[in-house]
Amino acid sequence: MPAPSPRYDDSVFINCPFSPDYQELFRALVFAVADCGFLARSALEKNDSSETRIDKLYRIIAQCRYGLHDISVTELDPGNRLPRFNMPLELGIFLGARKFGSPSQRDKGCLILDRERFRYQIFCSDLAGQDPKSHGGKAADAVKCVRDWLRAERPSIRLPSGMRMWERYRQWMADLPVICDALLLEPDSLEFHDLATTIEEWLLENPW
Amino acid sequence: MQIRAIQRSKPGTYSRDTIRTLVRGVHVLETSAGDGWEVRTLGENGRTERFATKDQAIEFALQAKKHAKIIVHQRQPKKVTVAQVRKAGNRTTIQESELR
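Heads up: the sequence lines are chains A and B, in that order. If you count by this note's numbering, then the first sequence holds residues 974 to 1181, one letter each, in order. If you count by this note's numbering, then the second sequence holds residues 230 to 329, one letter each, in order.
Keep in mind that a hint or two might mislead.
Under the rule of at most 25 Å between Cα atoms (straight-line distance), these lysine-lysine pairs were calculated in the DSS-like manner [stated by the list, open to error]:
#1 K239/B / K1081/A
#2 K283/B / K239/B
#3 K1072/A / K1029/A
#4 K1029/A / K1111/A
#5 K283/B / K307/B
#6 K1019/A / K239/B
#7 K283/B / K308/B
#8 K316/B / K1029/A
#9 K1072/A / K1019/A
Simulated from the structure, these hints should not be mistaken for lab results.
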C-alpha cells in the first residue's frame, strides 16, 4: 500500500462517471469539495503512461482519507448492452482499504451518492448500512449532499449553506467561459488540474 | 469556529499565476456581433458594461478594478492580450502585450 500523502486528511477521492452527460454533476462535486476546504482528487489527474490505471487508482485512494462515490449510473450502454462497473469497483477498493489497509487507512470515510435513496438495494444490496444519499440527478442537490457530509466531518469549520454554495458554483460557471476564452480553450474540455486550479483561484478571490 | 482554507492542487497545463491573473483581471471582450466591446469583472460582485470602442472599454476597465490586469479578448483574428495604460498629462497611451 503506498504511503499516505501529507495532505491525506484533506483529500477527497471523487469516483464518478466521466461521460459528457455527467459533466455538470462532476464539476459541481469538485467545486463543493474545494469550497468546503478540501482537495479534490480524481482518476482524471495527469496520465503517467508508466503507471497502470488500477495502480493509479490504488495510489490516489491511498492518498485520500475521504471518498465520494456516485453509483447513480447503472444504465446499459446502448451499443453493447452492458453496464459500466468502474464506480462500484472503485468503491469496493476504497471500502477494502478501510477494512484491510494499514492503520492510517482505517479512518477513511465516504459518501455514497445515487439518484434515489434506496435504489441501491436493488442492484447492490451489500451496501445496506452505508446510508447512501440521493442527489436525484441534480447538481444542486449533489452540492448540498457534499456540503452536509464534509460539514459533519469537520464540525469546527464554518461553511455556508448548500444553497449558497450552489449559487457560488453557478457564478463560477458563468465566469468559466471568459477564463477559457483567454486560454483559447473550450470550457467543456478543461484538463482536470486546470479545472481544479480555476476553481481554487476563483474561491480565493471570492471568499464567503 | 474556524473558516476553511482553500487547498491548492498541482499545476495543470497552465500555471497558477496565469489562472490567478485571469480570475482577478478585468476582461475587455469584443462582442460576438463585432459591434462593440464589453467590460466584465468576474466573481460574485462581477458586472458587465458595454462600449462602442475598445479604447473606451479599456479606459473604463482601468477605473473598474484599479490594481487588476486588463485582459483584452479580440475576436477576429482571435487574440488575447494584456493592456497597459499609461497617462502623461492629457495623453493616454495603451500598449498591449501577450498574455503569459
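(Q) Between the alpha carbons of K1019/A and K239/B, is the straight-line distance 25 Å or under? (A) 10 Å, holds
(Q) Given the hinted pair K283/B and K308/B, is their Cα-Cα distance within 25 Å? (A) Holds, at roughly 14 Å.
Q. Has the given pair, K1072/A with K1029/A, been kept, meaning a C-alpha gap of at most 25 Å?
A. 20 Å, holds
Q) Is the straight-line distance between the alpha-carbon of K283/B and that of K307/B 25 Å or less? A) Distance ~15 Å between K283/B and K307/B Cα, so the pair holds.
Q. Within 25 Å, alpha carbon to alpha carbon, are K283/B and K239/B?
A. 36 Å, violated
(Q) Against the 25 Å threshold, does the CA-CA distance of K316/B and K1029/A hold or violate the hint? (A) 54 Å, violated
**Q.** K1072/A paired with K1019/A [C-alpha distance capped at 25 Å]
**A.** 28 Å, violated
**Q.** Given pair status - K1111/A, K1029/A, alpha carbons within 25 Å
**A.** 29 Å, violated
Q) Straight-line Cα separation of K239/B and K1081/A no greater than 25 Å? A) It holds: about 23 Å lies between the C-alpha atoms, which stays within 25 Å.
Checked against the numbered hints given earlier, the structure breaks hints 2, 4, 8 and 9 and satisfies all the rest.
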